[in-house]
Every structure is written in structure tokens, then in C-alpha cells.
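Asks: Listed in order, the protein sequences are those of chains A and B. Taking our numbering, the leading residue of the first sequence gets 1, the next gets one more, and so forth. Taking our numbering, the leading residue of the second sequence gets 1, the next gets one more, and so forth.
Hints should not be assumed to be uniformly reliable.
[Claimed, not checked] Partner residues aside, some chain B positions facing chain A, computed with beta carbon under 10 Å:
{"hint": "1", "residue": "ASN55"}
{"hint": "2", "residue": "ILE67"}
{"hint": "3", "residue": "VAL164"}
{"hint": "4", "residue": "GLU343"}
{"hint": "5", "residue": "MET350"}
{"hint": "6", "residue": "GLU359"}
{"hint": "7", "residue": "ALA360"}
{"hint": "8", "residue": "ARG391"}
{"hint": "9", "residue": "GLN394"}
{"hint": "10", "residue": "ARG482"}
{"hint": "11", "residue": "THR486"}
{"hint": "12", "residue": "THR512"}
[Claimed, not checked] Which residues of chain A face chain B? A partial, calculated answer using Cβ under 10 Å:
{"hint": "13", "residue": "ARG50"}
{"hint": "14", "residue": "LEU56"}
{"hint": "15", "residue": "HIS75"}
{"hint": "16", "residue": "THR159"}
{"hint": "17", "residue": "PHE160"}
{"hint": "18", "residue": "VAL164"}
{"hint": "19", "residue": "ASN167"}
{"hint": "20", "residue": "GLU228"}
{"hint": "21", "residue": "LYS335"}
{"hint": "22", "residue": "ALA345"}
{"hint": "23", "residue": "ALA358"}
{"hint": "24", "residue": "GLN394"}
{"hint": "25", "residue": "LEU395"}
{"hint": "26", "residue": "ASN405"}
{"hint": "27", "residue": "VAL506"}
{"hint": "28", "residue": "CYS507"}
FYI, nobody ran anything at the bench for these hints, they're computed from the structure. Only a predicted model underlies this, so the values are computations on that prediction, with no experimental measurement involved. The beta carbon of each residue, even a glycine, is placed where N, CA and C say it ideally should be.
Below are the chains, spelled out letter by letter.
There are 2 protein chains.
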Amino acid sequence: MGSTLRRLPGVTPSNALLSLPFLMTFLLVGSRGESSANTETERMAEESHRQDSANLLIFILLLTLTILTIWLFKHRRFRFLHETGLAMIYGLLVGVILRFGIHVPQSMTDMILNCAVNASPASLLVNVSGRFYEYTLKGEVSRSKSHQVQDDEMLRKVTFDPEVFFNILLPPIIFHAGYSLKRRHFFRNIGSILTYAFMGTVISCFVIGLVMYGFVSFMKAVGQLGGEFYFTDCLFFGAIVSATDPVTVLAIFNELKVDVDLYALLFGESVLNDAVAIVLSSSIVAYQPEGDNSHSFEAMAMLKSFGIFLVIFNGSLALGVATGVMTALVTKFTKLRDFSLLETALFFLMSWSTFLLAEACGFTGVVAVLFCGITQAHYTYNNLSSESQDRTKQLFELLNFLAENVIFSYMGLTLFSFQSHVFNPLFIIGAFLAVFLGRAANIYPLSFLLNLGRKNKIRFNFQHVMMFAGLRGAMTFALSIRDTATYAHQMIFSTNLLIVFFTVWVCGGGTTPMLSFMKIPVGVDPDQENSSSGSQRRNNKHESAWPFRIWYNFDHNYLKPLLTHSGPPLTATLPACCGPLARCLTSPQAYENEGQLNDDDSDFILNDASSMYADVTVSTDASGSYAVNCKRSSIASTGVGPSDEGLDHELTLAENEVAIRGTRLVLPIDDPVEPPATVTLPPPPSPPHSEPHRHRILVDLT
Amino acid sequence: MGSTLRRLPGVTPSNALLSLPFLMTFLLVGSRGESSANTETERMAEESHRQDSANLLIFILLLTLTILTIWLFKHRRFRFLHETGLAMIYGLLVGVILRFGIHVPQSMTDMILNCAVNASPASLLVNVSGRFYEYTLKGEVSRSKSHQVQDDEMLRKVTFDPEVFFNILLPPIIFHAGYSLKRRHFFRNIGSILTYAFMGTVISCFVIGLVMYGFVSFMKAVGQLGGEFYFTDCLFFGAIVSATDPVTVLAIFNELKVDVDLYALLFGESVLNDAVAIVLSSSIVAYQPEGDNSHSFEAMAMLKSFGIFLVIFNGSLALGVATGVMTALVTKFTKLRDFSLLETALFFLMSWSTFLLAEACGFTGVVAVLFCGITQAHYTYNNLSSESQDRTKQLFELLNFLAENVIFSYMGLTLFSFQSHVFNPLFIIGAFLAVFLGRAANIYPLSFLLNLGRKNKIRFNFQHVMMFAGLRGAMTFALSIRDTATYAHQMIFSTNLLIVFFTVWVCGGGTTPMLSFMKIPVGVDPDQENSSSGSQRRNNKHESAWPFRIWYNFDHNYLKPLLTHSGPPLTATLPACCGPLARCLTSPQAYENEGQLNDDDSDFILNDASSMYADVTVSTDASGSYAVNCKRSSIASTGVGPSDEGLDHELTLAENEVAIRGTRLVLPIDDPVEPPATVTLPPPPSPPHSEPHRHRILVDLT
């Protein structure tokens, strides 16, 4: 390896100097010149296949090890290191071993040959002694990297193509995030979530970008900068480092049953800001001022970038929603639910096709997949047979788990295996500071603004936790490894790796102490979360603003009846002139459910396996209005979804939700023998203010 | 496209004539020479990514369409076209459209440049005007194909790398076959299955090879052969076309509930002969006589090939079993079952690692995966939590379904999109004849020989069905598309495509009429299959030969207690000297199950979704011995596995199996409330000879 490195840098610049447009230089890597080209190529292809298998095997074993250790941690209830943090540690260890432990003998001869060519085609046919070999374009190699390409083969081999993250590993993670969104709490806080996700990410991006620009200018003045670093690079850094990761913190939140509103805010924000960050970063890359004066500010180019942002974001959103809606229609109007394998396969393929469709149209597949996941969960999920509901849930849970652990262990590995790291202490310090400031500029001012409008204030301890819980993860990594061609991007990548490590290990591990330090109530059942925050919580007038209520009514009266089997039938909600069409589009079940609200299953799908209780019950008001309202809602029952373990549900009177939705909750029990469990609760005599109101009812299905 | 085709053939041969060892010819494909190389490459990479997405999208939509049509067929109970046949038809249609319907404008300029190079390295660095582009070796292109490479880009784009089949699509199919093997019926017929799979495949391979050699010699004499076709090519053809496909016929068998022994014979044979054929074909490729006199017969080379066959086959088998055993041990000795997601992920990763391990060691991954699947089903499955049992079953069912349909629709597509087809009518006729003769030479003589030893004869109508049901499918296709470099292999590929089409459509579609024509009993419940074949069936002395019984006892006394939680404990079966070790290795559950046989769940895992009744009960003897024996076995109960629908089980007295195993069958019901259903059947007064003995017991778990 040493000789390769030493020999080639001497050669390449001279060629670069000589290189006329029609001159072409070959740096031939990994050929053994002696034997016949044919059998040699075959043997090399076989050898390469074996090597690939072995490398993949390393990953698989790494994951297996991670799984076993996770189990041990869960078994011993050790909460300070999440599985993603663990995966990174194992990745680091393997990276160290590969880097320093294993020395592959290098039997390569390097040949540098000149040939006249003036373009780089997608594929190349090479005629060697009358035999033709086909080569495909892998990509451009930056000049600074060109002598590193033939570096340590072993390390090169374990390096994924960065596009693997975007096309294979990220989509299932993002889809799962959308599919497992607890939509009731999400929609209740939709305004705040959108504010944090959109405005917050943009603020964070610009704050980080500006702070970094200051730092970089200072570094340039001091002479600490080894290459170009433009303002667009700073903004790019700001955009990709603003994507917070839902995985680690929310797993802990889930386990500890932290306040659901806090959970919804953090989860919603981190899911959506991934989408914002990815589109924002690609808009920044697209920011190209006219003429030679690139990397400077120009209003037109800025506007164009903003236009690109809007087009890509909305286009991806529309595509994702469209595929989701199509899947809902197909599953509604066919009897595919009789064959759950076919149904699951269709669901999987349609969800995947969203990604491909978006990519083929030039939009962002990952963003499309997120909104497709949300749509699928909101509509299609209700049409699936209960077996398919289980299957899809479990399938995407598994894919998400595997993809996540691959990414995080690869992060660990890449710290040592990646060969163009640029660690600049000053830049790293600046970046940590900027990330901190950016997060603060996102959370505190926006929370202040939001609290002006919110009935249910986001208190300071919540804000501190949100500040603290802004971990960086898969998306930041995938976005920064995608382009490591320039010095700036290499520095960004290396720094981001450290930021991810720090936030996952320190912030992730410190979440539990932080929660208790901040006196955030844990062990809250989702159905009684209000009682935990006492009387200053929202009253009967729901916190959600009017746009949400308009949307809710539209969704409940038109979209749900159109796309699912739930009532009310379209014949009742649409104007009379649309009668025949409405009859045709309404499913027979909708008539049966008329007047009843059967779509509340949307509220309790996809409970995480770690939460023992299905998130089935709706919030109750702990204030005095409770006893009064209780008399009106004498019937409150709950759906038993596909929750596997918990037949033991906690029911609470759900007056607030019920009053707002104007309908009753009905129990759709799978078992035909059992009559729907209808539970009548006597109003409690006079509930003391601070005590949680829980009525435990055992719905025994055996 | 036309101009490309016309221009290049004129150029290439002249270059081929001129080509000195150090001369290198570039045929540059798909470059637009005008603009700057850098942005052009980026744009091209993006364009190529879009194009890839669009192509994958075509496949996804094709699969979606297939799924919807399959549903329609199932819904209407239309049985003459299986989903695989359907997938092929859709593939054909898309192929026709791509070939003749869509004309992509060709904006490419072809450049032929010469450069001196004497080797074909794995990667190539190309210096174009100071920018470096990395190219990776895609493979050798045969001289006859070299002018077709730059054919229609559209068709080229939808062409998979053949290795995709081996590394991505085949493994889940083969694993699923192993994992879903109905092992009781399989093991009962293990001798016959091994005979058909090993001897039969070898016979078939050589018969087909010889017949084809005759045909090819004749064609050469007549002047109908356009290229070289050696005897090894004939044998290679024989090997790959001897792999029968389990998919289509067995789906029909399953639906119609055909005799289980016939099912076991066909399924076992087609699963195992895939493994035999793949190793056989690679041994034939490895057959290389010394010196220049290649393709002639030579004893040493032959022996060497045989040695390679043995090493690869046994090595793969050992690796597959080893990984399976390791998974069983891990799942046994950890409490991973508390976290079904982790358990499923581990199971998936370990099963996948088998494939990679085998490939990395130079063995055949697909074969390893098959035996890993069988081991996982036999041991690991019993250690999994019931949720993981469902999850793994459903996961591999889905993967199998998707992979199968991709392969079959790709087959249809490739008839038009593949660009080096060689259709030779004479060769095709010869091939069909040879395949027919090869199958006949496999089934009839071997059945005759087996019948000499079998108590339960394989009757002529069974033999005819086995003859008829030898469909060719995914394995034949994957093996023949793997190498299409020479004229002979191109002809083999094209002919195999036709053979697959013919057998899947004609033989697959004709299975139902064939069964009724051959008077094969359908609608047989697996538990009473003996009564269907009357009194000539085996008596109390089990048909299985002594090797099987020795294996069974070893498995039951040592392996199952070691690898699973089932009894008897090792402390009871191992000699006293191994006491401490045995205590350490035996799980607490094994003591509880002491004296009871709890491992019969292995017999009824993985009922296909289409079979309504779980394959839970063991065979009874329809002869007079029945009434006598049944007094001894007054307790017969059955396990209710994770079968989703069928709570209505058919129980029969299982005297034969019980007597041989020397233990009772116990019902491991999941529900803790319900006591194990123990059913005592009074001995029937005097069973009439021809009437099936069925006792229907409703095990109501609700």
C-alpha cells in the first residue's frame, strides 16, 4: 500500500499537467499482468465475489452481535446505551480491526497508460488481446482522492456506495416512521410540529450556516483551513445537521412512557425535519448564481433555490399521498383481504413504488415515502385484514430495525475505514457550538411564539428536553456521506460523524437522567396523560386550531368514507346530486357503521412492541368537568386492535374526544362469538383533583 | 439503433484482426461529446439513476398487476393458470412493448479509440481532461456480442445482472422451500426422495446430455449448427435442465389436497434436485481435461469433477446445517424469545449469513441455504416464541412470493429483451425430446427399483404424474442465464426459456385434468391419506429403512434435547459419565416434558396458507391391525401450532407413529387457561376395510 501511495502521486500530477482534452490516463488497479487475461479475469471476478460475501458477512455478524447484546441490555434493563449506540461501538471496533489489524498482501501492479479520449461515457468496452471487457462508470473521483482510490483494498471493499443509504437503507426507516406515527397525538399538535419542523429547521440551518461561516472565516484568517470552504458549504452543513433522529430518544421515551405530548412533538418534529433537511440541502446544492461569481449571494438564484425547494417538497408529498390513496382504493374495492399474502405483497410493492416513482420523476423518494407511510397508516391500514395489519407492521418493523442498525454500525466502521477524513479541531469545536446554538434558536423562540397561541403551553422543562434530545443520526450521516468529493464536504462528513457519535452516546445515554432532572413525568399512560400535567391543561375546547378542525371534518366525512370501509356513508355526507356516485363508492360496511365512529382504530395502530398497553383510549379531562360530562357518555368502549399481548386494556372515559367527534366509540372485536363489550361506568362520586382517573377493565377474549 | 448495429460490426472485426496483445480498443457508448465532461457526467449519472428507478418501477407495476390478477383468479377459482404462469405472460407483454413499442431516441456518438493495455483490471481510472472517472469491470463480453452491447439502451437497461438471481432472488426461494418442507412426510419417504434427487438427476443429466450430443452431431453433419457445441455443453444442458421446480404443481397439489406421499415425493425431489443440479453443473464447468485437448473425455478430469461435486455438496450441506444448529443453540440458551423482533432479526441474519459464509468459502450458497432452512425448521423453529414463528414464516413466505414472481415475470420479459437469443428449431425439438426421455429415465426405472424395497409401492399412476409434473422453473432459468457468453450457452438459454414456458403453461395448466385422468385421489386430508390407497399400504412395520430409524432415534434422544427445549432430557439419554454436561445442556422444560413427546410440533409447522387444515395428525393404518392397536393408545391428542384459521382439527388415532416413537403426543396449547385437550377415543367396533377412519374433534379454543 505504501509503495502504491508513494508512486502514484508523483505520476498523477504530471499526467494532469499533460492532459490535453484528448488524452486519457489509465491507472490500472489490481491486475496481475503475468497470466492469460481471460482465466485471470474470471478468477478475479470470483475472488471479488468471495470478498464481497465475506465483507457482507462481517456486517451480518456485527448485526448478530448487536442483537445479542441488545437483548442482554434489555434483559438486564440497562438503559444508558441504546441499540444504535451499541451498533456504533461494534462498528468502531470492526473499523479499528480492519484498519490496523488486518494487512492484506498487495499483489498489484499499477500501470499507467495514455490514451486519447474526450469524454466519460456510461460504459466502456475495452479490447484486451481480442477479448472484450465491459466497464461501467462508477463515478468521478476527485483529484485529491485519485491517489487514494488504490489505497488499502480491504478498507475500500467494506465501503458501501453512498447511494445505498438513499436507495436501500433510508426508505424503510422513513416509511416506518410515517407508518408508525401515533396520529392522534400527532394531529393534536400538528401546528407546533409543523412550526418546529419547517421554520425550526430553516432557522437552525441558517443559524448554523452563519456561525460556521464566521468560524470558517476566522480559520481562514488564522490559516487553519486547508482548502476552499464557501458560504454554500456552510449552509449545506447547516441543512444536513439540522435533521434530528427519532430513533434513540423515542425508544427511551416509549419505554419510560413519557408524556405523550412531548413524545408527539419530538417524534413529529424529527420525522418531518428529515424531509425538510433533505430537500433543503438539495436546494442549497442547486443554488448556483449566474456567471463565474459562484458561491456568492444572488437574489435570483436564491429565489430559484426556494422554488426548487417548494417544487420538490410538494411534488414528493403529492406523489407519496397519491400512491397511498391508490393503495387504499385498491384494497377497498377488491376482496384482496381474503389472501393476506397477496395483500401484504401489494402493500409492500405499492409503498416501494412510491419511492421509485418519485426518484424517476426527479423528486425525493425518501420524502415521498414518508408521506406515503402516513397515508397508508391513515387509510389503507383500516382496509387490510387483521393478518395483513400484523404482517405489514412486523415487516416494516423488521426492515426498519435492520436498516437502522446497519447504518449505525456502518457509521462506527466508517470512522476508521473512510479514507478522506479531515478532522479539524477548530472546525469541530465551531460545529458543536453552532449545532447547539442552532438547536436553541429553533426550540426556545419558536416555543415562545407557539405558547402565545397554545392553550396547553409547552413548558420550560419540555423545551429543555427538546433542546437536549435533538440527536443526529441516520439522515445526517446519509446526507453527508453522499458527497465527499471536495475538501469542505470531507470536513463536513468527518465532523458530522463526531456530532452523531456525541449526540447518540451522550445525549441519548443522558436522556433518562435528564428526564428525572427536568421532572418530566414518566410512566404516564397515554390515556391519562392530562392528569399528569394538572389543571392548566387544555379544557374542552381542543387546542387544535381551526385548520385542523376543518381538515378533520373533511377527512372524516369524505376521505375516510371514500378510501376506507368506515362510516358515515358518502350518500349521507355528499350533496344529493352526487347520489349514484356516492352509492357506488360507499362500501356496504359504511352503512352498518352509520352514525358510529369506526375509524378510531387509526388512533391505536402500531403500538410499539415495547409498550405493553395498546394506545387505545382517548384523553380524559382531569378537571371538574369530568363528573358532569360522564353522565352524557354512558357508553364508552374501545377497539381491540391487533395488539398481541395486551388483552388487558385500560379504559377511561373519553369525554373530550367523544364530544368533539360527536360520535361513539365502538369495539370491533374479531371474535364473532363475543358480543361487543359495552361497558357502562358509573360516574365517580367526586374525583380528587390530583388523582389519576383510571378504570381498569379486563376485556377477556379467551 | 439501426445505425449503431450496422456501423459497428464493420469496425469490430477489423480491430479484432489488428488487435495485438498491447492494443486496446474503446467502443465508447452513450457519450455526448459536446459539453463539459463534469456536469455532463453528473447529469448522466442522475439520468441513469432515474432510468434505473423507472425500470424497477416497471417491474413493481408488473408484480402489482400480477398480484391483482392472481387475486381475481383465486377469487373466481380459476385453476388452469398459476401465478407463475401469469407472471410470465405479463413479462412477455412488457417485453413485446419494450422491444417493439418504445423507441428511445438515440443521441449517442460512438467513438473507437485505440490504446495499449495488456490486462483487464477490476477497476479503471480514466483521466479525461484532468478529471478522473472510475470504472468497474462488469465482465467479459463475448466477441459475437461485442457489437450488440451498444444495442437498444432501453432493452439493455431492463436487463438484470445474472448474478442477481443467485445472490438475491434464489436464496429466499430455496430457503423457504427448506423451511416449509413438511418434514414428517418428507422423512418417511426420505430414501425414495434421495434416490430420485441424486441418482435420478444424474441419470437425467447424462441421458439428456447423450441425446443432445447425438442431436448436435447430427446438426453439425447437416450443417445446422452455427458454432461450437461440445459434449461438456451437452452435459451442462442436461444438468441445468434436470432441476425441476416445486412451485407451480405443488401449489395446485396443495389446493386440491392430493395424496401426501405423492406430494412429499415430488416436493422433496424438486427441492433436493435443485441443489444437485446446481452443484452438478458447476462440476461440469470445472471439468477441464489437461492440455489442449479440451472437451474430450478424460478419466482423471472426470474424477476430479466428481471430487469437486462431493466437496462442494457436502461442504455446503455442512455449512448450512452448522448455521442452523448455531441459531438453534443461540435461541435455546438466551431468553431472546421475550423480544420477538430481535429473535426474528437474528433468525433472518443467521439464515442469510449461511449463504454468505458458503459463498465466501467457495461453496454454493443456495445449497447451504436449503439445508439451513431444513435445520432451522427442524430445531430452531421449536425454540422461537410463537410470535416469531409467525413472523419468520410470514417473512419468508413474502420474500419467496416476491422473488418467485420477479423471476417468472423476468423470464417472460427476457424472451424479447435478451439480445443474443439463438433459436434453432432442430435443437429445440431435440431438447424437448431429450428432456422427456431424461425425465422418463429418471422416474420409471428408479420407481421400479424403489418398489422392490418399498412396502408402500409407488403405483403407475403416481409415476405418470411424477413424469408429467417435472416442470422446469427458476433454477433452470437462473443457471442458464448465468453464462451466455458462447454460442452453445446462448442456444441453451433460449431453448431452456421455451422449455420453462412449455412446462409451466402446458404441464402446470394440465395438472388438474391429469390428476383426474390418472384417478389420483384429491381432497385427501393429510391425516387419513392411507385409506385412500387402500390395503396394500404399509403395515405396522414402517416403510422407512433402518438408517432412518437410527437417525430418528439419535435425533430424538440427543439432538432435539440438545438443540431445543423438548424432552427427553439429556441426563436420561446420555451415559452417566456425561452427567454434569448433560445437566448444563438440558433446558428446564425438557424435564417437564420428560416421558412425553413434545417435539411433534416439528411435524406440523408451516402449513401453507392455502391448506385449511393443519397437517397435525399422524397416519393411521387402515388394515385390521388398527382395532387391536388402538386399545393401547388410549390418549391421542394433537398440537395446535400457530395455524391461524383452522381451529377445527381432524384427529385420528396415531397408533403407528406412536408405537414407533414410543411416546405419547401431547397438545401444547398456547392458551394458559385451557387445559390441554386430551381426547380419549373408544376403539371402533370393527372398521370396514375400505372406509376411511376419521374422528372429527372440534378443538374449540375460543
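Asks: Any CB of chain B closer than 10 Å to the CB of PHE160 of chain A?
Replies: 14 Å, violated
Asks: With 10 Å as the cut and Cβ atoms as the points, is GLU228 of chain A at the interface with chain B?
Replies: The hint is violated - GLU228 of chain A has no Cβ within 10 Å of chain B, the shortest such distance being about 16 Å.
Asks: For the hint on ASN167 of chain A, does the least C-beta distance to chain B fall short of 10 Å?
Replies: Result: holds, 8 Å to nearest chain B Cβ.
Asks: Taking the closest Cβ pair, is ALA358 of chain A under 10 Å from chain B?
Replies: For ALA358 of chain A, the interface hint holds, since the closest Cβ of chain B sits about 8 Å away, which is under 10 Å.
Asks: Could you check if LEU395 of chain A really has its C-beta closer than 10 Å to a C-beta on chain B?
Replies: Status holds, d = 7 Å.
Asks: Is the shortest C-beta separation between ILE67 of chain B and chain A less than 10 Å?
Replies: At about 5 Å, which falls below the 10 Å cut-off, the nearest Cβ of chain A leaves the hint on ILE67 of chain B intact, so it holds.
Asks: Is the interface hint for VAL164 of chain B satisfied, with its Cβ closer than 10 Å to some Cβ of chain A?
Replies: 12 Å, violated
Asks: Holds or violated: is the Cβ of ALA360 of chain B closer than 10 Å to a Cβ in chain A?
Replies: The hint holds - ALA360 of chain B has a Cβ within 10 Å of chain A, the shortest such distance being about 4 Å.
Asks: For the hint on ASN405 of chain A, just tell me whether its beta-carbon gets within less than 10 Å of chain B.
Replies: 8 Å, holds
Asks: Restraint: ASN55 of chain B near chain A, CB-CB cut 10 Å. Satisfied or not?
Replies: With a closest approach of 9 Å, the ASN55 of chain B hint holds.
Asks: Given a cut of 10 Å on the nearest C-beta pair, is the interface hint for MET350 of chain B held or broken against chain A?
Replies: 7 Å, holds
Asks: Using 10 Å as the Cβ threshold, decide whether ARG391 of chain B counts as touching chain A.
Replies: 5 Å, holds
When each numbered hint is compared with the structure, violations occur for hints 3, 10, 11, 12, 16, 17, 18, 20, 27 and 28.
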